[in-house]
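J.: Given next are the chains, with one letter for each unit.
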Amino acid sequence: AQTVTQSQPEMSVQEAETVTLSCTYDTSESDYYLFWYKQPPSRQMILVIRQEAYKQQNATENRFSVNFQKAAKSFSLKISDSQLGDAAMYFCAYKGYGGSQGNLIFGKGTKLSVKP
Amino acid sequence: GAGVSQSPRYKVAKRGQDVALRCDPISGHVSLFWYQQALGQGPEFLTYFQNEAQLDKSGLPSDRFFAERPEGSVSTLKIQRTQQEDSAVYLCASSLGQGNQETQYFGPGTRLLVL
Numbered sequence: 001a002q003t004v005t006q007s008q009p010e011m012s013v014q015e016a017e018t019v020t021l022s023c024t025y026d027t028s029e030s031d032y033y034l035f036w037y038k039q040p041p042s043r044q045m046i047l048v049i050r051q052e053a054y055k056q057q058n059a060t061e062n063r064f065s066v067n068f069q070k071a072a073k074s075f076s077l078k079i080s081d082s083q084l085g086d087a088a089m090y091f092c093a094y095k096g097y098g099g100s101q102g103n104l105i106f107g108k109g110t111k112l113s114v115k116p
Numbered sequence: 117g118a119g120v121s122q123s124p125r126y127k128v129a130k131r132g133q134d135v136a137l138r139c140d141p142i143s144g145h146v147s148l149f150w151y152q153q154a155l156g157q158g159p160e161f162l163t164y165f166q167n168e169a170q171l172d173k174s175g176l177p178s179d180r181f182f183a184e185r186p187e188g189s190v191s192t193l194k195i196q197r198t199q200q201e202d203s204a205v206y207l208c209a210s211s212l213g214q215g216n217q218e219t220q221y222f223g224p225g226t227r228l229l230v231l
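Protein chains in written order, with the working numbering: chain A, 1 to 116; chain B, 117 to 231.
No lab work stands behind these hints: they were computed from the structure. Misleading hints may appear alongside valid ones.
To be verified - DMTMM-like mimics (lysine to aspartate or glutamate), calculated; alpha carbons at most 25 angstroms apart, straight line:
no., chain 1, residue 1, chain 2, residue 2
1, A, LYS111, A, GLU15
2, A, LYS70, A, GLU15
3, A, LYS108, B, GLU160
4, A, LYS95, B, GLU184
5, A, LYS78, A, ASP31
6, A, LYS111, B, GLU184
7, B, LYS173, A, GLU17
8, A, LYS95, A, ASP81
9, A, LYS73, A, GLU15
10, A, LYS95, A, GLU15
11, A, LYS70, B, GLU201
12, A, LYS108, B, GLU187
13, A, LYS115, A, GLU52
14, A, LYS111, B, GLU201
15, A, LYS78, A, ASP26
16, A, LYS108, B, ASP172
17, A, LYS95, B, ASP134
Unchecked claim - To list a few chain B residues with every Cβ distance to chain A over 12 angstroms, as calculated:
no., residue
18, VAL120
19, GLN133
20, ARG180
21, PHE182
22, THR192
23, GLN196
24, VAL205
Ideal Cβ placement from N, Cα and C applies to all residues, glycine included.
Produce the complete structure using the sequences and hints provided.
T.: Written out as structure tokens, the structure reads:
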């Protein structure tokens with residue numbers, strides 16, 4: 001079975017600085033999708049960025065980028081120029097490629113604090 | 117249109133009561149997912165619908181949990197004879213198609229507290 005591990009329960013960053021959140025996963029599949037979701041306090045989960053495993057190029061969305069290392073099964077999220085609104089729980093998630101199984105498998109999350 | 121909506125947002129139930137949680141997916145979205153998020157944890161998959169068909173219910177923790185989507189749009193998650201361990205946030209997500217590449221959009225969740 002696939003698993004997702006986020007080894008940093010909490011992280012803190014100074015406003016305008018850069019922070020990297022770690023994620024590793026375990027799978028025997030060769031094709032899959034990886035996601036980072038953001039969950040602000042008492043608000044709904046929103047997609048930050050996604051990566052298709054067959055793409056070698058790392059995904060980028062404005063201040064958010066990933067470092068996808070397929071061989072190492074690592075998928076870290078880098079947030080540049082951190083803003084107060086970035087404070088939230090961040091979840092790394094995996095989704096398999098084949099069959100009808102479309103559910104996401106989540107890590108336990110990393111709580112990010114942003115200091116002014 | 118509007119995003120995924122869920123109701124009620126908060127529910128307090130006495131142990132042994134039955135509860136029903138509603139999810140309104142984004143209009144036209146074919147796929148619908150239910151997840152359970154315990155305090156301090158990531159969401160865990162419960163069940164998956166493609167239109168009105170429940171294709172996967174492998175994550176339902178017991179036969180007290182039942183989900184339906186009779187007309188392929190609104191879905192209801194029902195928990196019978198609630199137990200304290202059922203206390204969690206229940207998240208609903210929908211995606212446009214049935215392909216695995218589809219992004220899932222989440223609702224705000226229903227926070228269930230069983231006393």
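J.: When the structure is checked against the list of hints, which entries are broken? Sort them ascending.
T.: Result: hints 2, 6, 7, 8, 9, 10, 11, 12, 13, 17, 18 and 24 break, sorted rising.
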